[in-house]
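Undergrad: This is what each chain is made of:
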Amino acid sequence: MNEVLKVENLSHVYSAGTPFEKVAIQNVTFAAKKGEIIGLIGHTGSGKSTLIQHFNGLLKPTSGRVLINGEDIHQSLEMTRAARFAVGLVFQYPEYQLFEETVRRDVAFGPKNMGLEQAEIDRRVEEAVQIVGLPPEVLEASPFELSGGQKRRVALAGVFAMEPEVLVLDEPMAGLDPVGREEVFRFITGYQQKHGTTVIFVTHSMEDAARMAQRIVVMDSARILMEGAPREVFARAGELTQAGLDVPQVTRVLMRLRERGVDIGADAYTTEQAAALIRGQKEGKTC
Amino acid sequence: MLKDITLGQYFPGQSPIHRFDPRLKVLMVVAYIVALFCADGLWAYLFCFSMLALCIGLSRIRPKMMLRGLKPVLFIICFTAVLNMFYTPGVVLWHWWIFTLTREGIFNALYMVSRIVMLIMCTALLTYTTSPIALTDALEYLLGPLKKLRVPVHEFTMMMTIALRFIPTLIEETDKIMSAQKARGADFESGNLIARAKALVPVLVPLFVSAFRRADELATAMECRLYHGGEGRTRLNELHFARLDLLGGVLTAACVAAVFVISHFWA
Amino acid sequence: MPPIIELKNVSFTYPHGEGKPESPPAVDNVSLSVEPGEFVAVLGHNGSGKSTLAKLFNAILTPTSGDVLIDGMNTRDESRLFDIRKTAGMVFQNPDNQIVATVVEEDVAFAPENMGLPSKEIRRRVDEALAAVGMSAFKRHAPHLLSGGQKQRIAIAGVLAMQPRAIVMDEPTAMLDPMGRAEVMRTILRLNRENGMTVVLITHHMDEAAQAGRVIVMNHGRMLLDGAPAEIFSQVDELRACSLAPPQTVALLDRLNRDLNAGLPLTALSVEQCADVIYHYLKG
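Protein chains in written order, with my numbering: chain A, 9 to 295; chain B, 1021 to 1287; chain C, 375 to 658.
This is chain A alone, in the form it adopts within the complex:
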């Protein structure tokens, strides 16, 4: 059983029975394997934020089940609480959740709630802060004195320190400039490699998804529209555009070439891949 996290026929309806009733997710089945990195894409309102809040039991399914290592997280209160710690959830703009007097205490909030020993808490906090590239002096500083980018790192460290089996991030790079995005990207992959954690991250950016994920899951109108390796997903670029998603520019360039009769495939999403395809074509062989 290497499916760490699984949801089966999951549906969630907000405000059921009122005029405001809204089906946020409908009959979604999805599984994440140990150590896998999954990119979850979809435009606002496609249901992805609702879906991830089921992973750690914050939302209760209207129907269907959520399983962690094969066990239903809603079978008992203890299991639901355990799910909170097994699945670490980082919300959008997590820097706005900081509240403690020092960075150390803020990062320790999660581990403390888990009831860990003080020595273990200290070890985790120090490690997490190091993973997000902050110097140890920052530990005793107030999180409110830090810059926006540093606050984001502290917030990430707060969840890293819980050492969850599954790390779920809702748009971890939202609002950051290219440098900031690159850094956050490095911290997440760095943490993932060190702990072999399963990572699921929500993003609007196809480029980020393609670069980071081994598998991409695309959501549209409360359902999973498609899933597969980045290449498989981008090969269906037309459908992605219809679902209101941004397709990387290079993929669009290749699509355009195909329309004009030069079909060298459209499953590239980085400049390197596209350059290789064009090079192959130029040198008279296909990739």
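Just so you know, these hints were derived from the structure itself, not from any lab. Be aware that a few hints might be false.
Said to hold, decoys possible - With a straight-line cut-off of 20 Å between C-alpha atoms, the simulated DMTMM-like cross-links for lysine to aspartate or glutamate are:
{"no.": "1", "chain 1": "A", "residue 1": "Lys-68", "chain 2": "B", "residue 2": "Asp-1195"}
{"no.": "2", "chain 1": "A", "residue 1": "Lys-41", "chain 2": "A", "residue 2": "Glu-173"}
{"no.": "3", "chain 1": "C", "residue 1": "Lys-382", "chain 2": "C", "residue 2": "Glu-412"}
{"no.": "4", "chain 1": "A", "residue 1": "Lys-290", "chain 2": "A", "residue 2": "Glu-280"}
{"no.": "5", "chain 1": "A", "residue 1": "Lys-120", "chain 2": "B", "residue 2": "Asp-1207"}
{"no.": "6", "chain 1": "B", "residue 1": "Lys-1218", "chain 2": "A", "residue 2": "Glu-108"}
{"no.": "7", "chain 1": "B", "residue 1": "Lys-1196", "chain 2": "A", "residue 2": "Glu-108"}
{"no.": "8", "chain 1": "C", "residue 1": "Lys-494", "chain 2": "B", "residue 2": "Glu-1258"}
{"no.": "9", "chain 1": "A", "residue 1": "Lys-30", "chain 2": "B", "residue 2": "Asp-1195"}
{"no.": "10", "chain 1": "C", "residue 1": "Lys-513", "chain 2": "B", "residue 2": "Glu-1258"}
{"no.": "11", "chain 1": "A", "residue 1": "Lys-202", "chain 2": "A", "residue 2": "Asp-130"}
{"no.": "12", "chain 1": "B", "residue 1": "Lys-1196", "chain 2": "A", "residue 2": "Glu-103"}
{"no.": "13", "chain 1": "C", "residue 1": "Lys-382", "chain 2": "C", "residue 2": "Glu-495"}
{"no.": "14", "chain 1": "C", "residue 1": "Lys-429", "chain 2": "B", "residue 2": "Asp-1236"}
{"no.": "15", "chain 1": "B", "residue 1": "Lys-1218", "chain 2": "A", "residue 2": "Glu-109"}
{"no.": "16", "chain 1": "A", "residue 1": "Lys-30", "chain 2": "B", "residue 2": "Glu-1192"}
{"no.": "17", "chain 1": "C", "residue 1": "Lys-657", "chain 2": "A", "residue 2": "Glu-103"}
{"no.": "18", "chain 1": "A", "residue 1": "Lys-68", "chain 2": "B", "residue 2": "Glu-1258"}
{"no.": "19", "chain 1": "A", "residue 1": "Lys-120", "chain 2": "B", "residue 2": "Glu-1209"}
{"no.": "20", "chain 1": "A", "residue 1": "Lys-120", "chain 2": "A", "residue 2": "Glu-173"}
{"no.": "21", "chain 1": "A", "residue 1": "Lys-290", "chain 2": "C", "residue 2": "Glu-452"}
{"no.": "22", "chain 1": "A", "residue 1": "Lys-68", "chain 2": "B", "residue 2": "Asp-1207"}
{"no.": "23", "chain 1": "A", "residue 1": "Lys-14", "chain 2": "A", "residue 2": "Asp-80"}
{"no.": "24", "chain 1": "A", "residue 1": "Lys-68", "chain 2": "B", "residue 2": "Glu-1192"}
{"no.": "25", "chain 1": "C", "residue 1": "Lys-429", "chain 2": "B", "residue 2": "Glu-1237"}
{"no.": "26", "chain 1": "A", "residue 1": "Lys-41", "chain 2": "A", "residue 2": "Asp-80"}
{"no.": "27", "chain 1": "C", "residue 1": "Lys-657", "chain 2": "C", "residue 2": "Asp-633"}
{"no.": "28", "chain 1": "A", "residue 1": "Lys-202", "chain 2": "A", "residue 2": "Glu-215"}
{"no.": "29", "chain 1": "C", "residue 1": "Lys-657", "chain 2": "A", "residue 2": "Asp-271"}
{"no.": "30", "chain 1": "B", "residue 1": "Lys-1196", "chain 2": "B", "residue 2": "Glu-1209"}
{"no.": "31", "chain 1": "A", "residue 1": "Lys-290", "chain 2": "C", "residue 2": "Asp-650"}
{"no.": "32", "chain 1": "A", "residue 1": "Lys-42", "chain 2": "A", "residue 2": "Glu-16"}
{"no.": "33", "chain 1": "A", "residue 1": "Lys-41", "chain 2": "A", "residue 2": "Glu-29"}
{"no.": "34", "chain 1": "C", "residue 1": "Lys-429", "chain 2": "B", "residue 2": "Glu-1243"}
{"no.": "35", "chain 1": "C", "residue 1": "Lys-657", "chain 2": "A", "residue 2": "Glu-267"}
Since this is a predicted model, take the numbers as computed values, not measurements.
Put chains B and C on the given structure of chain A with help from the hints.
TA: Same frame as chain A, now just chains B and C:
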């Protein structure tokens, strides 16, 4: 979820009740409340009730919605009823321990309860049929004379407008912060009162920080849009006193007078 | 016609906290002018000084040295503050924190109300501004129920209702999803092309800057590059040096040039142009 709460409870519409000048509506409600408190006797109450029923009918607000407005005050209504029933001196109908049920008590309870119900309903009707912005405009106008006494009426109504605008935003934010802290293992549901109050710190601190940041940004944005207090400010929708309002005002005055007359002669 | 926005050797240093070392200037000796009808994108990573620059345009900040002139009015002159802000309107990053009222049209009316215009004129301006951003159908809606892109368009309408000569936007799309971003960009382009509105767009999105008529690149408070998008984005190495990635189209052409010595022009910015260049390269 918290954000499902609808605030202000305004139901847009085109009925005469909706179209009345908000200033007149506020005055009508005040007049009606005065009439309610002066009403005496069954006939006066019935008259007050039919006035209200007529207005509700005209407004096309479903009676079910009107009853829903009573929910928050249900406890007060029951409490008043019990208090009046058992503690009004008069002809004793039933007695047990400290409870003495009197005939006068039953009548009193009925009167008091219907008075409260009508009072709540008529204010509910005001908020159901008047947009919050029209309501604050009306208040600013009606409280206008207080400006002469250096009461900051404009600032007060501006604060109300901004509060109304930001309450849904802040509720949504509270929801989000609570979820985020729950994801870090915060527990808001167990423990005694002190433990629960303490558990709120991780929510309140970020909420205040965010509210101050928003306030700061909003102040800059308002300045950039030339806000400089109430002086010389004009309005998009000026309040107009139309013929319909005159009719409404006269009818209200007549009805209030009628309540006095009925209370005096048929009580 | 004089430039709408003119900066003469402008520097700005944030006042430093007690006991802390003085911070380097956020804006360092910048001179530039924006002509009527221009669409200028100011590009730079966080801390490059681009947001400080935006605040200087609108007299939210006044320069430590040098002068900022808005339609000839010096932002140091407090008596002209009202006119300066009326001339160069400002749109901010977070749409939630710049909407004042609970009804869309009331919010758009906020600035003209502050200007003390007659009710009829306010009505005309509100309707016009909402039409210009394509939000007329939402005028009776509550802003908090709108999408991010819609809210930002309302914020733009709120500024348009002042009938400014220029709009300065400080990262208006940073908090929006791709659909919201596209929506806002379409609105900005239309305002510039159809209404001749002067636009200064502060951004860190390359694809947005590529749509402008002129791009200014800021780095460490200084103005590093200034020119047409095709000209700026073809300077791939300079961009990378200030932590900005060129658009994928240019990066692809650059890659081909480096790997295959293809000699392709780096000025093919749009997907269409880029595909065209590669098409001819492959066929030729």
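Undergrad: Decide, hint by hint, whether the structure agrees.
TA: Hints and how they fare:
1. A/Lys-68 <-> B/Asp-1195: Satisfied, since the Cα-Cα distance of roughly 15 Å is no more than 20 Å.
2. A/Lys-41 <-> A/Glu-173: Status holds; Cα separation ~11 Å.
3. C/Lys-382 <-> C/Glu-412: holds (19 Å)
4. A/Lys-290 <-> A/Glu-280: Satisfied, since the Cα-Cα distance of roughly 15 Å is no more than 20 Å.
5. A/Lys-120 <-> B/Asp-1207: Measuring from Cα to Cα gives roughly 12 Å; hence the hint holds.
6. B/Lys-1218 <-> A/Glu-108: Roughly 13 Å between the alpha carbons, so the hint for B/Lys-1218 and A/Glu-108 holds.
7. B/Lys-1196 <-> A/Glu-108: holds (18 Å)
8. C/Lys-494 <-> B/Glu-1258: At roughly 10 Å apart (the allowed maximum being 20 Å), B/Glu-1258 and C/Lys-494 satisfy the hint.
9. A/Lys-30 <-> B/Asp-1195: Holds: A/Lys-30 and B/Asp-1195 sit about 18 Å apart, inside 20 Å.
10. C/Lys-513 <-> B/Glu-1258: holds (17 Å)
11. A/Lys-202 <-> A/Asp-130: Holds: A/Lys-202 and A/Asp-130 sit about 18 Å apart, inside 20 Å.
12. B/Lys-1196 <-> A/Glu-103: Given pair B/Lys-1196, A/Glu-103 holds - Cα atoms ~12 Å apart, limit 20 Å.
13. C/Lys-382 <-> C/Glu-495: Outside the cut-off at roughly 37 Å; violated.
14. C/Lys-429 <-> B/Asp-1236: OK: C/Lys-429 and B/Asp-1236 at ~14 Å, within 20 Å.
15. B/Lys-1218 <-> A/Glu-109: Holds, because 15 Å separates the two Cα atoms, which is no more than 20 Å.
16. A/Lys-30 <-> B/Glu-1192: holds (17 Å)
17. C/Lys-657 <-> A/Glu-103: Given that 20 Å is the threshold and the Cα spacing comes to 51 Å, the pair is violated.
18. A/Lys-68 <-> B/Glu-1258: violated (48 Å)
19. A/Lys-120 <-> B/Glu-1209: Measuring from Cα to Cα gives roughly 17 Å; hence the hint holds.
20. A/Lys-120 <-> A/Glu-173: holds (17 Å)
21. A/Lys-290 <-> C/Glu-452: Distance ~64 Å between A/Lys-290 and C/Glu-452 Cα, so the pair is violated.
22. A/Lys-68 <-> B/Asp-1207: Within the cut-off at roughly 16 Å; holds.
23. A/Lys-14 <-> A/Asp-80: Cα-Cα ~9 Å, so holds.
24. A/Lys-68 <-> B/Glu-1192: The hint holds at about 19 Å.
25. C/Lys-429 <-> B/Glu-1237: holds (12 Å)
26. A/Lys-41 <-> A/Asp-80: Distance ~16 Å between A/Lys-41 and A/Asp-80 Cα, so the pair holds.
27. C/Lys-657 <-> C/Asp-633: holds (18 Å)
28. A/Lys-202 <-> A/Glu-215: violated (24 Å)
29. C/Lys-657 <-> A/Asp-271: Holds: C/Lys-657 and A/Asp-271 sit about 12 Å apart, inside 20 Å.
30. B/Lys-1196 <-> B/Glu-1209: holds (17 Å)
31. A/Lys-290 <-> C/Asp-650: With a Cα-Cα distance of about 15 Å, the restraint between A/Lys-290 and C/Asp-650 holds, given a limit of 20 Å.
32. A/Lys-42 <-> A/Glu-16: holds (17 Å)
33. A/Lys-41 <-> A/Glu-29: violated (33 Å)
34. C/Lys-429 <-> B/Glu-1243: holds (12 Å)
35. C/Lys-657 <-> A/Glu-267: holds (15 Å)
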